[in-house]
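Protein sequence lines correspond, in order, to chains A and B. For the first sequence, position 245 (counting from the first letter as 1) is numbered 245 according to the working numbering, and the numbering increases by one without interruption. For the second sequence, position 186 (counting from the first letter as 1) is numbered 186 according to the working numbering, and the numbering increases by one without interruption.
Simulated from the structure, these hints should not be mistaken for lab results. Keep in mind it's a predicted model, so treat the numbers as computed, not measured. Don't be surprised by glycine CBs; every beta carbon is placed ideally from N, CA and C. Treat the hints with caution; some may be incorrect.
[As the list claims (entries may be wrong)] With a Cα cut of at most 25 Å, we get these calculated SDA-like pairs of lysine to any residue: (1) 214(B) x 90(B); (2) 78(A) x 487(A); (3) 154(B) x 268(A); (4) 399(A) x 483(A); (5) 398(A) x 165(B); (6) 87(B) x 429(A); (7) 154(B) x 279(A); (8) 166(B) x 240(A); (9) 398(A) x 87(B); (10) 167(B) x 485(A); (11) 166(B) x 488(A); (12) 124(B) x 100(B); (13) 154(B) x 278(A); (14) 167(B) x 109(B); (15) 398(A) x 186(B); (16) 109(B) x 90(B); (17) 167(B) x 73(A); (18) 167(B) x 194(B); (19) 212(A) x 166(B); (20) 399(A) x 154(B); (21) 212(A) x 177(B); (22) 166(B) x 84(A); (23) 399(A) x 177(B); (24) 212(A) x 159(B); (25) 236(A) x 259(A); (26) 166(B) x 248(A); (27) 167(B) x 144(B); (28) 167(B) x 429(A); (29) 214(B) x 29(A); (30) 166(B) x 128(B).
[To be verified] Here are some chain B residues the structure puts well away from chain A; computed CB gaps all over 12 Å: (31) 125; (32) 148; (33) 162; (34) 199; (35) 215.
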Amino acid sequence: MAAVDKGQDAPRIILVGSPNVGKSSLFNELTGTYTTVSNYPGTSVEISRGHCDIAGTRYEVLDTPGMYSLIPISEEEKVARDILLNETPHVVIHVIDARNVERMLPMTLQLVEAGLPMMLVINIMDEAERLGIQIDFPALRERLGIPVIGAATARRRGLQEIRQAIGNQDFCVGAPFSYSPDLEDDIQEISTCFQSDYRLSRRSLALLLLQKDTHIQALVGDREGELTEPLMECVKKVAFARRSDLHLHISLERKRITRNLLNGVLTQEGGRKPSMSDRLSALTMNPLTGFPFLLATLYFGLYKFVGGFGAGTVVDFLESTLFEAYLIPWLLHLGDRFLPWYWLHELMVGEYGIFTLAIRYAVAIVLPIVGTFFLAFSIIEDTGYFPRLAMLVDRIFKKIGLNGRAVIPLVLGFGCDTMATIVTRTLETVRERIIATVLLALAIPCSAQLGVILGLLSSVPGALAVWTLSMALVFLLIGFLAARLVPGEQPMFYMEIPPLRMPQLRNVITKTLTRMQWYFVEIFPLFIIASVLLWAGKLSGALAWVVKEMEPVMTMLGLPSQASAAFIFGFFRRDFGAAGLYDMQTSGLLSPVQLTVAAVTLTLFVPCVAQFLVMNKERGWKVAFGIFIFVTLLAFGVGWLLNKMLLFTGVLA
Amino acid sequence: MKLSEKAEEILEALWIATEEEGENGAHFQTLDVGPDDEGLRELDRLAYIEVRGERVHLRQEGREEAKMTVRRHRLAERLMMDVLDIKGASGDAKACEFEHLLHQGVDTKICTLLNHPTTCPHGKPIPPGKCCLEAQARGEAGVVPLTEVNAGQKGEIAYLSVTDPKKMQKLMSLGVLPGNQLRLARTFPAYVFTVGNSEFAVDEDLAREIFVRKI
Numbered sequence: 001m002a003a004v005d006k007g008q009d010a011p012r013i014i015l016v017g018s019p020n021v022g023k024s025s026l027f028n029e030l031t032g033t034y035t036t037v038s039n040y041p042g043t044s045v046e047i048s049r050g051h052c053d054i055a056g057t058r059y060e061v062l063d064t065p066g067m068y069s070l071i072p073i074s075e076e077e078k079v080a081r082d083i084l085l086n087e088t089p090h091v092v093i094h095v096i097d098a099r100n101v102e103r104m105l106p107m108t109l110q111l112v113e114a115g116l117p118m119m120l121v122i123n124i125m126d127e128a129e130r131l132g133i134q135i136d137f138p139a140l141r142e143r144l145g146i147p148v149i150g151a152a153t154a155r156r157r158g159l160q161e162i163r164q165a166i167g168n169q170d171f172c173v174g175a176p177f178s179y180s181p182d183l184e185d186d187i188q189e190i191s192t193c194f195q196s197d198y199r200l201s202r203r204s205l206a207l208l209l210l211q212k213d214t215h216i217q218a219l220v221g222d223r224e225g226e227l228t229e230p231l232m233e234c235v236k237k238v239a240f241a242r243r244s245d246l247h248l249h250i251s252l253e254r255k256r257i258t259r260n261l262l263n264g265v266l267t268q269e270g271g272r273k274p275s276m277s278d279r280l281s282a283l284t285m286n287p288l289t290g291f292p293f294l295l296a297t298l299y300f301g302l303y304k305f306v307g308g309f310g311a312g313t314v315v316d317f318l319e320s321t322l323f324e325a326y327l328i329p330w331l332l333h334l335g336d337r338f339l340p341w342y343w344l345h346e347l348m349v350g351e352y353g354i355f356t357l358a359i360r361y362a363v364a365i366v367l368p369i370v371g372t373f374f375l376a377f378s379i380i381e382d383t384g385y386f387p388r389l390a391m392l393v394d395r396i397f398k399k400i401g402l403n404g405r406a407v408i409p410l411v412l413g414f415g416c417d418t419m420a421t422i423v424t425r426t427l428e429t430v431r432e433r434i435i436a437t438v439l440l441a442l443a444i445p446c447s448a449q450l451g452v453i454l455g456l457l458s459s460v461p462g463a464l465a466v467w468t469l470s471m472a473l474v475f476l477l478i479g480f481l482a483a484r485l486v487p488g489e490q491p492m493f494y495m496e497i498p499p500l501r502m503p504q505l506r507n508v509i510t511k512t513l514t515r516m517q518w519y520f521v522e523i524f525p526l527f528i529i530a531s532v533l534l535w536a537g538k539l540s541g542a543l544a545w546v547v548k549e550m551e552p553v554m555t556m557l558g559l560p561s562q563a564s565a566a567f568i569f570g571f572f573r574r575d576f577g578a579a580g581l582y583d584m585q586t587s588g589l590l591s592p593v594q595l596t597v598a599a600v601t602l603t604l605f606v607p608c609v610a611q612f613l614v615m616n617k618e619r620g621w622k623v624a625f626g627i628f629i630f631v632t633l634l635a636f637g638v639g640w641l642l643n644k645m646l647l648f649t650g651v652l653a
Numbered sequence: 001m002k003l004s005e006k007a008e009e010i011l012e013a014l015w016i017a018t019e020e021e022g023e024n025g026a027h028f029q030t031l032d033v034g035p036d037d038e039g040l041r042e043l044d045r046l047a048y049i050e051v052r053g054e055r056v057h058l059r060q061e062g063r064e065e066a067k068m069t070v071r072r073h074r075l076a077e078r079l080m081m082d083v084l085d086i087k088g089a090s091g092d093a094k095a096c097e098f099e100h101l102l103h104q105g106v107d108t109k110i111c112t113l114l115n116h117p118t119t120c121p122h123g124k125p126i127p128p129g130k131c132c133l134e135a136q137a138r139g140e141a142g143v144v145p146l147t148e149v150n151a152g153q154k155g156e157i158a159y160l161s162v163t164d165p166k167k168m169q170k171l172m173s174l175g176v177l178p179g180n181q182l183r184l185a186r187t188f189p190a191y192v193f194t195v196g197n198s199e200f201a202v203d204e205d206l207a208r209e210i211f212v213r214k215i
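Please build the complete structure, drawing on both the sequences and the hints.
Shown next, in the form of structure tokens:
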């Protein structure tokens with residue numbers, strides 16, 4: 001890890017803090033750009049960068065994933081800490097939750113002792129005040145020796161002061177706090193062993209070494225070279241001499257210092273009555289009321305709103321009325337008039353044309369479905385319901401080798417599996433990440449595909465039930481097997497449960513639009529590429545060849561040969577394939593059994609190109625290819641079995 | 001009078017079969033003995049047991065001794081796990097050897113050291129000894145794992161017996177630290193509790209490693 005800065009042009013503001021304290025919302029307010037703000041931990045897995053101008057100076061602002069202390073556990077915490085290790089900040093703004101100052105202040109102490117230029121923002125003051133919490137800011141400022149500002153960024157409170165503070169100050173480094181004499185001796189002893197220069201103070205590094213931070217051990221090993229050994233000997237000697245868990249000892253010391261700092265500064269009136277939100281919260285966490293609540297959420301949120309309204313009403317309007325009746329005929333007319341060359345005519349408005357296929361699919365079919373899903377998801381997300389859901393399903397998820405926390409990427413997968421695959425990073429063990437990635441690739445249809453399939457199957461009685469049952473069975477079976485076969489540590493579950501909140505309209509709308517924009521920008525080029533490839537395949541005869549080659553597989557599944565085209569589409573975009581089936585269904589080419597078998601196989605079948613690329617990036621090509629082959633074989637295997645069973649039992653006949 | 005190790009093992013198995021599993025005695029096979037077993041004869045002489053055919057029954061006279069044998073075994077297990085940090089099969093084996101040494105007040109000392117635990121590491125109850133009852137009478141609130149706190153109860157976190165350093169670190173950074181007050185809200189499907197103004201959910205495995213002094 002080099003201490004070189006990536007460009008020293010703009011002074012840097014780094015936002016750090018625990019998950020769910022409002023870092024992203026402060027970032028948005030400072031920079032005017034948008035990153036996703038949610039009411040559950042682990043949403044920001046990557047660093048957002050933006051700019052802001054204060055008093056004529058241009059600053060670069062970095063928003064980091066949430067971290068609880070300077071020692072990272074999960075991937076995203078490591079990302080956040082690496083920033084502190086590598087970048088030179090103008091100021092590090094530690095954002096904490098006013099309701100939990102005592103719990104979060106120890107990290108402020110760590111940042112101060114690391115020798116970083118600091119500012120403390122105590123956020124969510126509005127909710128804290130409602131709990132009867134009072135904070136004496138001037139006193140805390142004096143005791144900490146750094147600027148301390150109270151804010152409620154979601155309500156735009158305190159922003160002016162934060163800007164002013166950033167502009168006014170040359171941030172000096174606060175004085176570190178004293179631990180117990182024995183610990184101070186230990187720190188002293190280890191600090192003197194360092195020879196190289198580090199971004200973080202030696203005091204801080206010594207403490208991290210005493211807490212057995214493996215990343216710091218590696219960093220120090222890199223820098224000190226031959227001197228590492230005596231240094232590590234010294235650490236071991238100290239750790240042994242104390243004969244106690246220094247990690248706990250240090251935490252308790254920080255707690256003691258925090259208590260002293262807050263003595264007389266922080267007051268809370270006791271005896272608060274449980275609020276409406278507390279009561280509702282209890283209902284969502286009680287299995288007796290929680291599961292009906294979940295089903296209702298799924299029914300109204302997903303089935304009615306996304307499936308019914310998005311994939312039904314809106315798609316019907318755009319697809320049948322706007323595109324089929326007006327736009328496409330008009331474009332065809334234009335094409336016939338101005339594009340005399342067959343190849344160009346085909347490329348633009350032909351069977352796989354950019355306008356007739358790519359744009360129509362992307363705009364008329366996919367966008368409304370994805371949009372309604374993201375809207376529903378954003379609302380649910382902002383209420384803080386997901387951590388409660390995670391807690392509710394933890395026991396069940398343990399059976400499939402995951403813990404409740406994994407419910408978030410899996411539910412997100414119903415929106416977009418590609419995005420969800422990135423979010424699996426928030427899971428703590430490699431094992432959980434692999435299992436979740438497999439399940440996402442296999443059994444979780446994305447919103448676009450789900451929408452098309454819901455529309456497709458709802459016309460055939462019983463088909464939807466068979467499809468749902470097949471998906472659920474495959475999901476549970478594969479999860480169950482994965483839990484037994486994938487090596488690695490067993491998952492454990494712990495999660496902070498944020499209070500239930502009323503979603504804020506502004507946040508929900510911006511979030512939905514940003515996600516839709518992200519989705520559209522990411523996938524639109526893929527639609528174009530897919531249609532160009534299909535076009536090239538058609539003109540060169542390659543497509544016909546592949547379709548023919550896949551015929552035996554289709555026969556095996558009991559499907560007409562044309563269905564192979566849908567499967568080839570499916571690899572480009574999941575919903576592309578489903579939409580291909582839609583075309584076949586409307587032309588009356590599929591019997592109910594065939595339709596169901598095709599829908600099940602296609603849903604299980606390979607992830608789309610984008611998801612595959614992300615799998616590759618996140619898990620490495622070996623795992624990605626392994627999953628790809630496994631998923632393909634399993635999809636066709638299940639399709640074959642389902643076909644046999646349906647024909648044998650006569651269900652859907 | 002001190003019993004032989006074999007006799008203690010038989011008593012223990014009998015106690016578990018009759019008192020905890022509700023069986024009417026135990027078969028030779030379950031006890032891993034033959035009709036001429038040394039230990040069996042020893043217990044028979046003391047009138048602790050009665051042999052009928054191939055089944056062995058625990059007599060009223062042997063109940064107290066059997067109960068204490070089980071108690072020693074489970075205390076030994078707790079000691080291995082919580083203090084000496086020897087887990088898994090090797091912990092079980094060591095506990096088996098060790099239990100036979102816990103006589104004449106040694107069990108009381110260990111019980112007090114461990115703060116009168118109520119369950120063994122496998123979740124089975126440890127029959128309370130005199131020391132436990134006395135501590136209870138004195139109103140000493142025992143330290144119990146979070147799994148033994150009822151929903152709605154409050155407590156102070158006494159210590160964490162978490163062995164995985166990552167878990168430990170996470171709990172500490174969440175503010176789940178000794179000395180902090182805690183209120184348990186739910187025990188199913190996960191353990192939900194508040195520390196300060198924050199609410200947390202943990203699974204049963206983790207809850208078993210958070211020790212709380214009930215208030």
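Item to complete: State the violated hints by number, sorted upward, taking the hints as numbered earlier in the document.
Response: Checked against the structure, the hints that fail are numbers 1, 14, 20, 23, 25, 29, 30, 33 and 34, while the rest are satisfied.
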